[in-house]
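The primary structure of each chain is shown beneath.
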Amino acid sequence: MSAIGNVSLRDTVLQRGRSRERGRLLVFNHVVLLALTAFAVIPLVVVAFNSVKTNLEIGQNPLGPPVNVVVENFPNAWDKGNFATTMSNSIIYVVATIAAELVFGGLAAYALARKKPPGSDLLMLYFLVASTVPLWMYIVPLFVQINFLKVKIGVDARILLIMVYVATRAPLSIFLLRSYMIDLPTELEDAARVDGANELQVMTRIVFPLTKPGFLTVGLVVGLGVWNEFLLALTFIHDPKQYPVTTSFYKFVDRFDRDWALTSAGAIIIIFPVMVLFLSLQRQFIEGLAEGGVKL
Amino acid sequence: MAVLTQKKPTTLVEKFNDQTWRRKFVNNVLIPWIFIAPLLIIHLYVVAIPAVQGIYMSLTDWKGVGMNVNFVGLENYRELFFEDETFGKALSNNILWMAFFLTVPFILALFCATMLSQVRRGGMLYRSILFIPYVLASVVTATIWKNLLNPQRGIGAAVDNILGLEGVFGVAYLGRTDSALMSIAFIDNWQFWGFLMILFLAAMQSIPPVLYDAAKIDGANRWQEFRHVTLPGIRPILVFMFMMVAIFSFLAFDYIFLLTQGGPGGASEVIATQLYKNAFFRFQAGYGAAQGVVISIFAGFIILIFVTVKRRGWDI
Numbered sequence: 001m002s003a004i005g006n007v008s009l010r011d012t013v014l015q016r017g018r019s020r021e022r023g024r025l026l027v028f029n030h031v032v033l034l035a036l037t038a039f040a041v042i043p044l045v046v047v048a049f050n051s052v053k054t055n056l057e058i059g060q061n062p063l064g065p066p067v068n069v070v071v072e073n074f075p076n077a078w079d080k081g082n083f084a085t086t087m088s089n090s091i092i093y094v095v096a097t098i099a100a101e102l103v104f105g106g107l108a109a110y111a112l113a114r115k116k117p118p119g120s121d122l123l124m125l126y127f128l129v130a131s132t133v134p135l136w137m138y139i140v141p142l143f144v145q146i147n148f149l150k151v152k153i154g155v156d157a158r159i160l161l162i163m164v165y166v167a168t169r170a171p172l173s174i175f176l177l178r179s180y181m182i183d184l185p186t187e188l189e190d191a192a193r194v195d196g197a198n199e200l201q202v203m204t205r206i207v208f209p210l211t212k213p214g215f216l217t218v219g220l221v222v223g224l225g226v227w228n229e230f231l232l233a234l235t236f237i238h239d240p241k242q243y244p245v246t247t248s249f250y251k252f253v254d255r256f257d258r259d260w261a262l263t264s265a266g267a268i269i270i271i272f273p274v275m276v277l278f279l280s281l282q283r284q285f286i287e288g289l290a291e292g293g294v295k296l
Numbered sequence: 297m298a299v300l301t302q303k304k305p306t307t308l309v310e311k312f313n314d315q316t317w318r319r320k321f322v323n324n325v326l327i328p329w330i331f332i333a334p335l336l337i338i339h340l341y342v343v344a345i346p347a348v349q350g351i352y353m354s355l356t357d358w359k360g361v362g363m364n365v366n367f368v369g370l371e372n373y374r375e376l377f378f379e380d381e382t383f384g385k386a387l388s389n390n391i392l393w394m395a396f397f398l399t400v401p402f403i404l405a406l407f408c409a410t411m412l413s414q415v416r417r418g419g420m421l422y423r424s425i426l427f428i429p430y431v432l433a434s435v436v437t438a439t440i441w442k443n444l445l446n447p448q449r450g451i452g453a454a455v456d457n458i459l460g461l462e463g464v465f466g467v468a469y470l471g472r473t474d475s476a477l478m479s480i481a482f483i484d485n486w487q488f489w490g491f492l493m494i495l496f497l498a499a500m501q502s503i504p505p506v507l508y509d510a511a512k513i514d515g516a517n518r519w520q521e522f523r524h525v526t527l528p529g530i531r532p533i534l535v536f537m538f539m540m541v542a543i544f545s546f547l548a549f550d551y552i553f554l555l556t557q558g559g560p561g562g563a564s565e566v567i568a569t570q571l572y573k574n575a576f577f578r579f580q581a582g583y584g585a586a587q588g589v590v591i592s593i594f595a596g597f598i599i600l601i602f603v604t605v606k607r608r609g610w611d612i
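Chains as they are written, first to last, in the numbering used here: chain A, 1 to 296; chain B, 297 to 612.
Take these hints with a grain of salt, some might be off.
[Claimed, not checked] For the chain A half of the interface with chain B, some residues (derived, Cβ under 7 angstroms), not all of them:
hint : residue
1    : V27
2    : V31
3    : V32
4    : L36
5    : W136
6    : M137
7    : V140
8    : G225
9    : N228
10   : L232
11   : Y250
12   : P273
13   : V274
[Said to hold, decoys possible] One side only, chain A facing chain B, incomplete, derived with CB under 8 angstroms:
hint : residue
14   : A108
15   : Y110
16   : P118
17   : Y138
18   : V166
19   : T168
20   : F285
[What the hints assert, rightly or not] Beta-carbon label-pair distances, calculated as ranges:
hint : chain 1 : residue 1 : chain 2 : residue 2 : range
21   : B       : T316      : A       : D239      : 41 to 49 angstroms
22   : B       : K606      : A       : L216      : 29 to 37 angstroms
23   : B       : M478      : A       : P66       : 47 to 55 angstroms
24   : A       : P209      : B       : R518      : 44 to 52 angstroms
25   : A       : D257      : B       : R607      : 47 to 55 angstroms
26   : B       : I599      : A       : V103      : 28 to 36 angstroms
27   : A       : P65       : B       : E462      : 18 to 26 angstroms
28   : B       : K320      : A       : Y126      : 37 to 45 angstroms
29   : B       : K320      : A       : P209      : 24 to 32 angstroms
30   : B       : V605      : A       : D79       : 23 to 31 angstroms
31   : A       : L26       : B       : I345      : 37 to 45 angstroms
32   : B       : G418      : A       : D79       : 36 to 44 angstroms
Quick caveat, the hints were computed from the structure, so don't treat them as lab data.
A virtual CB, placed ideally from N, CA and C, is assigned to each residue, including glycine.
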């Protein structure tokens, strides 16, 4: 009895002590956090400012808020940067890669999580080892192969780039989706089988819908990665009509090096879709990317 | 009864004629492997086969074009380590890069995550804003910072202006041999560290608060609390990210290629940018492939260290 009394007394003392301490220290915490937030945001604010200034104004006032807001930079950048083409290319790359990754990854993960055919342990080991092989180990021979398919066989370079994206993200999607599926209780699937569902129905009607968060995570991680991807697109896409926004923007900045108003507007155009998606799906983005980063 | 007395199928033909066996084979072996096949085939074609080819290519003097391929053994590797001084420079830049990324973002992220884990009000807002740079494309981040580091119109010039100085802070950070590499690392880190912070924050939030109370009772100060409760609590993710960042340090490419292409005068060159130029601009495919193998060996070595340490159960 007295022991319990002691504990609760100690608890209240601690609680009061802690909240007082917290009240004091939080000022320091907020100062630090505000400074770091400013560090993260100010560069973006400067770009946003510059995207609505004229070059003349940027020359006199390169960092501050605009005095006269002009919006012509955006249609200008849109036209000169070929954004109509490159945006739709990027959307094609993102959507096609996500679709292929989710379908193939989902099928493979289901087989590995539920069916475990002979050889699946070896396969998991293969993907584990392969996921640690750096791109630099195989990029030169891969370039030769892709070039062969492109030039000699006449395969569309876009399809080949999507294939490379799907492959390089395969270990991530298999590990992530498989771990989601393994965590599912099997009772539901058994119940469905008892009710006469065949294997295909069990997979598409029970397992896949229940693994939706896993699919969403893989989709977000893969989609963001492909939208922002630079090196592989630079290596494999040489026709300006097929450029994604990233490599196209790289050439654009190179060409209009001194035209900050134009390049800032271009930067905003690229950031915009990602920001809208990020701000509307903050939790899924942050948790998904954290999970994807740790899984692999 | 007939079913019970039926002989178990032994030969392949018998197995194939036995319906139950056939159904089992189809359901438990054939269909699963058909499900696995597309992704596996793509992956073998894009990653595994070229990786093996890369090892062979690194032993040749192939230029990347034409049919003239001579097997030269370890000649490329000998040249890399004993003759090519630019490679030595690139390798030491990779090590500098690693030293930067194993300290700066980790300290920043640990500090910020500790601060953020104690805040209740506005915690989510801070978290989201601090994460924003991580979702930006490297081309965009590079362009933004190239402008901000401009000697005449960037932050440095503005600081000079305020202090009434000229050309003290407003220097070409990316254009000078002594500051190019670390400026690029700074920019890369601006984009990256928020991600590390989120990982640490998530780990910190899963530490039971009871442990902090116990530390308080034992009279621990804030540093001791961090050292003996927080750090051990987030150790798994801390160690894992140490390994990942160490590996990434040998793969670094995007920001260096975008901002300086390795210049000025090779001051910010790393192995990956050198490899890219050798393989795709200078017609030295075999030599570039050898550099790719070297990068992979470094990465493998780092993984090996961590696996060994973990096996031995060291308290890290």
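Outcome of the hint check:
| no. | hint | result |
| --- | --- | --- |
| 1 | V27 | violated, 11 angstroms |
| 2 | V31 | violated, 9 angstroms |
| 3 | V32 | holds, 5 angstroms |
| 4 | L36 | holds, 6 angstroms |
| 5 | W136 | holds, 4 angstroms |
| 6 | M137 | holds, 4 angstroms |
| 7 | V140 | holds, 5 angstroms |
| 8 | G225 | violated, 10 angstroms |
| 9 | N228 | holds, 4 angstroms |
| 10 | L232 | violated, 10 angstroms |
| 11 | Y250 | holds, 5 angstroms |
| 12 | P273 | violated, 11 angstroms |
| 13 | V274 | holds, 5 angstroms |
| 14 | A108 | holds, 5 angstroms |
| 15 | Y110 | holds, 6 angstroms |
| 16 | P118 | holds, 6 angstroms |
| 17 | Y138 | holds, 4 angstroms |
| 18 | V166 | holds, 6 angstroms |
| 19 | T168 | holds, 7 angstroms |
| 20 | F285 | holds, 7 angstroms |
| 21 | T316/B / D239/A: 41 to 49 angstroms | violated, 55 angstroms |
| 22 | K606/B / L216/A: 29 to 37 angstroms | holds, 31 angstroms |
| 23 | M478/B / P66/A: 47 to 55 angstroms | violated, 32 angstroms |
| 24 | P209/A / R518/B: 44 to 52 angstroms | holds, 47 angstroms |
| 25 | D257/A / R607/B: 47 to 55 angstroms | holds, 52 angstroms |
| 26 | I599/B / V103/A: 28 to 36 angstroms | holds, 31 angstroms |
| 27 | P65/A / E462/B: 18 to 26 angstroms | holds, 25 angstroms |
| 28 | K320/B / Y126/A: 37 to 45 angstroms | violated, 25 angstroms |
| 29 | K320/B / P209/A: 24 to 32 angstroms | holds, 27 angstroms |
| 30 | V605/B / D79/A: 23 to 31 angstroms | violated, 56 angstroms |
| 31 | L26/A / I345/B: 37 to 45 angstroms | violated, 57 angstroms |
| 32 | G418/B / D79/A: 36 to 44 angstroms | holds, 41 angstroms |
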